[in-house]
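**Student:** As given, the protein sequences belong to chains A and B, one line each in that order.
Taking our numbering, the leading residue of the first sequence gets 1, the next gets one more, and so forth.
Taking our numbering, the leading residue of the second sequence gets 1001, the next gets one more, and so forth.
Simulated from the structure, these hints should not be mistaken for lab results.
For each label pair, taking beta carbons as the anchor points, the in silico distance ranges come out as:
#1 B:G1320 / A:V38: 56 to 62 Å
#2 A:P73 / B:L1046: 53 to 59 Å
#3 A:L128 / B:D1074: 25 to 31 Å
#4 B:K1052 / A:L63: 49 to 55 Å
Quick list of in silico lysine-lysine cross-link-like pairs, DSS-like style, CA-CA up to 27 Å:
#5 B:K1071 / B:K1393
#6 B:K1398 / B:K1316
#7 A:K71 / B:K1467
#8 B:K1452 / A:K71
Using N, Cα and C, we set each Cβ at its ideal position, and we do this for glycine too.
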Amino acid sequence: MSAVRATRRRRYLFDRDGVLAPMMLLPSVVYIVALVAVPFFLAIAYSLSDVTVGDPSFDYVGLRNFRAVLKDPVFRRSLTNSIFITAVTMVLVLVLAKILALVLTRDFRGKWGVRFLILLPWTTPVPLAAIAWLWMLDSLFSPIDWTLRRLGLLEGNLHWLGNSKLAVASVITVQVWRIVPLAAVIIMAGLAAIPQDINDAAEVDGAGFWRKLFEITIPLTLPVTAVATLFGAVLVFTDMSVVYVLTRGGPVDATQILPTWAFFRGIQGGDLAQGAAVALFLFPLLLAMAVLILRSVRRMEVL
Amino acid sequence: MDSNSQASGWSRRRFIQASAGLTVLIACGKSAKETGGGATDVTSTLVQPSKKLSGDLKILQWSHFVPRHDKWFDPWAADWGRQVGVNVTVDHIGLADIPARAAAEFSANEGHDLIEFLSPPAAFEPSVLDLSDLNQEAEKRFGKQLALCTRSTYNPTTKKYYGFCHGWVPDPGDYRKSMWEKVGLPNGPTTYQELLDVGGRIKREQGVQLGIGMSNELDSNMAARAIIWSFGGSIQDDRENVVFNSPQTIEAVDYMARLFKATMTDEVFAWNAASNNQGLIAGSLSYILNSISAYRTAQTASPDVANDVFFTPPLKGPRGVALASEHVIPIYVIPKHAKNPDAAREFILNLVANYAQATNNSELYTFPAFAQTVPQLNGWLENDPYGSQPANKLAFLKDAEKWSTTIGHPGPANAAIGEIFDTFILAKMMARAARGELSARDAVIDAENQIKPIFQRWRERGLVGGKP
Chain A
1 MSAVRATRRR RYLFDRDGVL APMMLLPSVV YIVALVAVPF FLAIAYSLSD VTVGDPSFDY
61 VGLRNFRAVL KDPVFRRSLT NSIFITAVTM VLVLVLAKIL ALVLTRDFRG KWGVRFLILL
121 PWTTPVPLAA IAWLWMLDSL FSPIDWTLRR LGLLEGNLHW LGNSKLAVAS VITVQVWRIV
181 PLAAVIIMAG LAAIPQDIND AAEVDGAGFW RKLFEITIPL TLPVTAVATL FGAVLVFTDM
241 SVVYVLTRGG PVDATQILPT WAFFRGIQGG DLAQGAAVAL FLFPLLLAMA VLILRSVRRM
301 EVL
Chain B
1001 MDSNSQASGW SRRRFIQASA GLTVLIACGK SAKETGGGAT DVTSTLVQPS KKLSGDLKIL
1061 QWSHFVPRHD KWFDPWAADW GRQVGVNVTV DHIGLADIPA RAAAEFSANE GHDLIEFLSP
1121 PAAFEPSVLD LSDLNQEAEK RFGKQLALCT RSTYNPTTKK YYGFCHGWVP DPGDYRKSMW
1181 EKVGLPNGPT TYQELLDVGG RIKREQGVQL GIGMSNELDS NMAARAIIWS FGGSIQDDRE
1241 NVVFNSPQTI EAVDYMARLF KATMTDEVFA WNAASNNQGL IAGSLSYILN SISAYRTAQT
1301 ASPDVANDVF FTPPLKGPRG VALASEHVIP IYVIPKHAKN PDAAREFILN LVANYAQATN
1361 NSELYTFPAF AQTVPQLNGW LENDPYGSQP ANKLAFLKDA EKWSTTIGHP GPANAAIGEI
1421 FDTFILAKMM ARAARGELSA RDAVIDAENQ IKPIFQRWRE RGLVGGKP
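Isolated chain A (complex conformation) (with noise of 0.2 Å):
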């Protein structure tokens, strides 16, 4: 009888929406607390510190590690270096992914087999991806040189990796490699939620492609648009493997990152307070996404 009474009370607390979704949100918050809020904190104590990976031990020193590398030239270079490349590459995963999306929205024969293979760059591990493009860009056997000798269209290599400017390439094409298939699928979300009597409408009315694509398709999916490039975005910034597998930052300093540099300065290095202090400089860009983030979302929901 207490028994039955017991599960009754319980149905009853499960019930209400003010137990039941503080449970339901719990294992998200602990999850934030403990692997970004922590951690994050933990980064800015340790900038206002002089720990060092041999010693943990706690001096407060004010904001001189800040001071110390802002005036670090490979400091400055890695902080444009971060901007261009990320600015760059979400350019080339718009366009791509775009054309991408309205190619695979179409019906033509083996489309599932094509969205398959499109897919596999995004659940290829991204270390796994970089080396497998190391061996691409390699400076003695990359296949890229060896089809474009083939091709009577270059003499000897490239040294992709070698010369600063197709360094910075390399990268970003790699970048634009792994996030387009993301970016595709969203937008192609985006474009399925298009009601089709819109673009009947406008054919009625004599609309061809372009006239469609500016005037419907590219306004109504502009926030989803958002939402991916800005995503894509977040993932490019703060991505250290591709360019840590690549280049290691070089030639000299040509493909350095702040995560990168943040990783040499602070781990490598021994210097913790430093590292963290150049990580910190990626946290008010990746806000700011995140603030263009939900208020794309907010106007997708508005819409």
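Fit chain B to the supplied structure of chain A, relying on the hints for placement.
**Tutor:** What follows is chain B alone, placed relative to chain A:
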């Protein structure tokens, strides 16, 4: 399932037979890839612990470049543990992952009892045990430790041993004899001037470049130091004062810029630690600075190439100085959080006592820190048990200690030197001058502007001596 497999002609029995056959073939293939031979005049010794040991001993170390070493080391360590009552676990990770893994363990204040670094871990001094007693005990038992090993583990400012160096690896020049023979130097270059003049000729006449890296990686770091030292420059003096910006350093950087223009291509700016090995074996490079690992790889992968690979001691600079850095230097530290420091100490002493096995199983890659522990070494170098053609190809390494030094030369390998090493400041400086971004003088000033604050920070933490 069965009907399908039978329909395709594959019974379960046949599948198992085929799998077993394939496994045997793979195993044969793997063993065939190892260099044959090995020394037979090596005995095993058990050093009785000075006190009763028990519990677990967890060791973290790199995956050795020579696979044979780890195949020997892991069961050997476990066997030692069984004999003294300790359960030994050895975890291997990649060379480049050690600093990050160690940093995580020190930060968490738990992890392995013994961690092996491949470059001097001076920055970890506050979190590791002072091993002065162990180093003294080892010298009592095994004789004087090599100076370059001591300078890689002893901090004269704090007067502590932050680690124990049990071995080191020489870093000679490796060259393709057939290419140098054609230009009249069958024994390879002997001076940096010769490397510039004749290396340029080989590139012009044979289309093969030199392979001295200027990238963010280990070999480029070592090469930059070797050239600066051989020209008479250095980062610090023997009392840890920064003396980097000197006419000698500028001369070395200017030389590197000229060497690049005459003998190399852009690829050296993007290399990783394996690139020069690959280039030498592929016949795309005429001369590299590296350990004998590239050669050992060639012995198994391409014996004809291996027979064409020969070595030079470090090249002489303009005033006759010829120095090379140790290639890697294995150093154990015992973290303060270690749960079994006694077993860790005894394990190290036992390893040193059996170092002939370590050197032999590393295929003569790792040399001993205590020379008398491997009395066979000179004999092995005269008659390589791993099948060099000619057998005395490695004999020049008999006096490698005389021309090798630590990365802090002429001072200790302190924490500032470590940070400069790990942020590739010298390799990047060489690259800046070679690429024409800065003059040699400005490249040195630019590097000095990064070096001095690093020294200052570590001095403020009390780990580095010298004057501000």
